[in-house]
Amino acid sequence: MATKTESLTKETLLDWYHDIVLIRHFEDRCHHLYFEEKDPARKITGVYLHLATGSEATHVGAVKALGEDDHVITAYRDHGIAIARGVNPDRVMAEMMGKRTGTSGGKGGSMHLADRDLNFWGGYAIVGGHLPLAAGIALKEQYVKSGNAVLCFVGDGALNNGYFHETANMAQVWKLPIVFLVENNLVGMGTRIEESSGQTNPIKRAVGYGMKEGPSVDGQDVVEVYEAVKAELDWSRENGPVLMEARTYRFEGHGVSDKAFNAREDLKGELAIWEARDPINVLTARIKKKYKDVDETLAALDAEAVRIVDESVEYAVSSPAPDYNDLIANVYVGFEAGV
Amino acid sequence: MKNLSMRDALRAALHEEMVRDERVFIMGEEIGKWQGTHRVTRGFYEEFGAERVRDTPISEMAIAGVATGAAMAGLRPVAEMMTINFAFLAFDAIINHAAKIHYMFNGQITVPLVVRAATGWGNQATATHSHTPEPIWAHFPGLIVGCPSNAYDAKGMLKAAIRDDNPILFTEVIALYPKPSPIPDEEYLIPIGESAIKREGDDVTIVSYGRGVEWALEAAETLAKEDIQAEVVDIRWLRPLDMSKTLESFKKTNRCVVVEESLPHYSFGSEIAAQLQEAAFDYMDAPVKRVSALDVPLPYAREIELMALPNAAKVVQAVKEVL
Ligand SMILES: Cc1ncc(C[n+]2csc(CCOP(=O)(O)OP(=O)(O)O)c2C)c(N)n1
Chain X
-2 MATKTESLTK
8 ETLLDWYHDI
18 VLIRHFEDRC
28 HHLYFEEKDP
38 ARKITGVYLH
48 LATGSEATHV
58 GAVKALGEDD
68 HVITAYRDHG
78 IAIARGVNPD
88 RVMAEMMGKR
98 TGTSGGKGGS
108 MHLADRDLNF
118 WGGYAIVGGH
128 LPLAAGIALK
138 EQYVKSGNAV
148 LCFVGDGALN
158 NGYFHETANM
168 AQVWKLPIVF
178 LVENNLVGMG
188 TRIEESSGQT
198 NPIKRAVGYG
208 MKEGPSVDGQ
218 DVVEVYEAVK
228 AELDWSRENG
238 PVLMEARTYR
248 FEGHGVSDKA
258 FNAREDLKGE
268 LAIWEARDPI
278 NVLTARIKKK
288 YKDVDETLAA
298 LDAEAVRIVD
308 ESVEYAVSSP
318 APDYNDLIAN
328 VYVGFEAGV
Chain D
38 MKNLSMRDAL
48 RAALHEEMVR
58 DERVFIMGEE
68 IGKWQGTHRV
78 TRGFYEEFGA
88 ERVRDTPISE
98 MAIAGVATGA
108 AMAGLRPVAE
118 MMTINFAFLA
128 FDAIINHAAK
138 IHYMFNGQIT
148 VPLVVRAATG
158 WGNQATATHS
168 HTPEPIWAHF
178 PGLIVGCPSN
188 AYDAKGMLKA
198 AIRDDNPILF
208 TEVIALYPKP
218 SPIPDEEYLI
228 PIGESAIKRE
238 GDDVTIVSYG
248 RGVEWALEAA
258 ETLAKEDIQA
268 EVVDIRWLRP
278 LDMSKTLESF
288 KKTNRCVVVE
298 ESLPHYSFGS
308 EIAAQLQEAA
318 FDYMDAPVKR
328 VSALDVPLPY
338 AREIELMALP
348 NAAKVVQAVK
358 EVL
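So the protein lines, in turn, are chains X and D. Just so we're aligned: 3 in my numbering is position 6 of the first sequence, and the numbers increase by one with no gaps anywhere. Here my numbering runs 37 ahead of the position in the second sequence, where the first position is 1.
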C-alpha cells in the first residue's frame, strides 16, 4: 500500500482534507442548530438526527474510491457520505431543515438524503433495509455488463438483521459487484458488538457465504480506507461481492435522542483513545509528513469549510417550506394520491 | 392513588407481572443495559438480571419468532419492538406463526405472547418511522390487538394481556408516554375486548382508540361550548372488537364520527362504519364520517407533516358535518 500512497498527489490529499473538515463543520453545525439555536426559523427539529462526527475518514475515503458511474448507498448516518459524493451542502442543509430545496424536497429529512444524479441512492432508516437494494443495483450493473460496482455501507449492528443474511448469500450466489463496507463503530444504539454478535469479527461472516473476506482497515485514516476500498471495488467488478471493515468510532451519541452516551463514564476512556485518532489529526499528520509549510493552506481550507457551512445555513433558512401540493405529490407515478 | 405517566404505568404493570410470575420475561433491542428506548424498562436489567431482561441483537424476525417459541413451550414472554415500524420485519413470525399456531394445531398449542411496540405519527420521524398500523395487524384472526389511550388503561390492559393465553400485539402511542393519569394503589385489570365510554353525550358518538381518544375528548370540550354533547367511545382493543358500547351510543345519537391516527383506506374507520351500517342502519341520520391521517406517506417537513395529521379541530369540523 505504501507505494500506492506515494502516487496520491498533494491536491488529492488537500481535497480530502477539505471534505473531511467540511463534514466535521457541517455535523457540528447541525448539532448546534438542533440543540442550541433559539430562533425557530433556523432550528433543525424532529426526533432523528444521526451525526457522523468521528467517521469522516471512512466516509470520504470510501466514497472517493468510487468511479463516477459507480454507486453508493447507506443507512441513516448519511450526511457525510452525501457531501463526500459531491451533493451540494446547501441542499443537504435544506433537507435538514425540511425545505423544498432539500435533496428530497424536505420530505425525506436527515435520514433520507439522496441524489440520483450522483448515483447516491440514499440513506435508509430501517436497519438493513438498504442492503438488498444495494444488491439490486449491483444486479442491474451486472445485467448490462457495465463494469460498474456498488459501495454499500453497513453498520456493525445491522449485520444481525435478516436483511444482511439473505442479501449476502444472494449477492454471493450471483457474484454481484458490490463491496459491503462494515462501518464498525463497535456499537449499535447502545448495545456493544460483543453483546450482540456471536462473531465479533465482522469479516469472518463472509466465510459462511463463501464470500471474499476483505481487509480490515483503519477507518480513521482516509488514505488507508481509500486504497483498500478502491482495490476491493475493482476486485468486485470481475469477481463478485466482498465484505470488508473500517474500524471507526462515533464521537457523539447514536442520535440526538441518545442523552446517555456523553454521560457514560465507562466510555470516557475509549472515547479519548479514539479522539486522539481523530481523522482530521491523522490526515494532517500525513500531509505534514510529506509536505512542508502547509499550515496556512490547511487553515485556509478550514476557513473555506466554515464559509460553505455558513452559506448552506443561509440557503436553507431562506428557502421555502414545502406546501400542500408537495405533500400530495409523488405518492405514485402517474396517479394522484388518494386524498 | 398516585399520578403516573403512561410510561411509568406501563413500567409498573410489567414490573408487577414479572414479580408475580417467574415465567414472565422480557426481550428486545436496547431494553436492558440501555434502559429501553422509551425508558419503559428502566432499571429492570439491574433488578431482574440478564436472564429475564434479555437484550437482543437488531433481529426483529428472531425476536418475535423466538418469543413465540418460548411461549409455545410454556414461558410468558413480553417481547419489545422498539417501534411498530420495525415490527414489519417480524410480520411473518407474528401473523403466520404466533397468530395461527393455536388454530392450525387444533388447540394443542397455546402462544401466551405479548409483543409490545411503540406506535404513532409525528415529530418528523418521516415515512419509514411514522406508522400507526394497528388495523393491519387486527385484520388477522388469532391475534389480539390492543392500544391504550391513557396511563390508567395502559396499566390494566397490559397486565391483562400478560395473563392472557393468546398472542397479543400491544401498541403504545409514543406521544402518550409522558401523559399522566391517577393510578390506584390496588391492582386492577382491564379485560381484553372491553371498550369504554370516556365521555357521555347525546348528540353524536365519536369512536376512537389510542391517541385519537385524546383528540376526540378535546373536540368534545370545544363542542360542549356550543351546546353539542359528544359521547366518546374508546375501543381499546381492536381485536376482539367490542361494538356493544358504540352501538348503544349510536342508537341514542344516530350520528357517528370515527377518529384514527392511522390511514383512511381499509382502516379502523372503515370497519366501524361498516359494522354500524350493518347493525344499526335504521338508526342512521347521517353518513358515518372518518377523521384519519391524510392518505400519503408521512413527510419530514414540519409544516406539511402537521397538515397530514388528524387533530381536535378536524374532529370538531367532522362532527359539524354530521349534525
Ligand atoms: C429494523 C430496525 N430495527 C431497529 C431500528 C432502530 N435502530 C436505529 S439505528 C440502530 C442501531 C444500528 O447500529 P449500526 O448498524 O451499528 O449503525 P450505527 O448507528 O452504529 O452507525 C437501531 C437499533 C431500526 N431503525 N430499524
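Please keep in mind that the hints were generated in silico from the structure rather than gathered at the bench. Every value quoted in this text rests on a predicted model; they were computed, and no experiment measured them. It is possible that some hints are incorrect.
List of simulated lysine-lysine pairs, DSBU-like, C-alpha gap at most 30 Å [as the list claims (entries may be wrong)]:
#1 Lys40/X x Lys39/D
#2 Lys265/X x Lys70/D
#3 Lys39/D x Lys70/D
#4 Lys35/X x Lys216/D
#5 Lys39/D x Lys351/D
#6 Lys256/X x Lys70/D
#7 Lys282/D x Lys351/D
#8 Lys357/D x Lys282/D
#9 Lys256/X x Lys216/D
#10 Lys40/X x Lys216/D
#11 Lys39/D x Lys256/X
#12 Lys201/X x Lys286/X
#13 Lys262/D x Lys216/D
#14 Lys201/X x Lys70/D
In silico contact screen, one side only, chain X against chain D (beta carbon under 8 Å); selected entries [to be verified]:
#15 Gly95
#16 Gly105
#17 Met186
#18 Gly250
#19 Pro319
By construction, the Cβ of each residue, glycine as well, lies at the ideal position given by its N, Cα and C atoms.
Going down the list of hints, with the structure as the test:
no.	hint	result
1	Lys40/X x Lys39/D	violated, 37 Å
2	Lys265/X x Lys70/D	holds, 17 Å
3	Lys39/D x Lys70/D	holds, 28 Å
4	Lys35/X x Lys216/D	holds, 26 Å
5	Lys39/D x Lys351/D	violated, 33 Å
6	Lys256/X x Lys70/D	holds, 14 Å
7	Lys282/D x Lys351/D	holds, 24 Å
8	Lys357/D x Lys282/D	holds, 22 Å
9	Lys256/X x Lys216/D	holds, 21 Å
10	Lys40/X x Lys216/D	holds, 26 Å
11	Lys39/D x Lys256/X	holds, 28 Å
12	Lys201/X x Lys286/X	violated, 35 Å
13	Lys262/D x Lys216/D	holds, 25 Å
14	Lys201/X x Lys70/D	holds, 27 Å
15	Gly95	holds, 3 Å
16	Gly105	holds, 6 Å
17	Met186	holds, 5 Å
18	Gly250	violated, 11 Å
19	Pro319	holds, 5 Å
Violation of the numbered hints given earlier is confined to hints 1, 5, 12 and 18; the remaining hints are satisfied by the structure.
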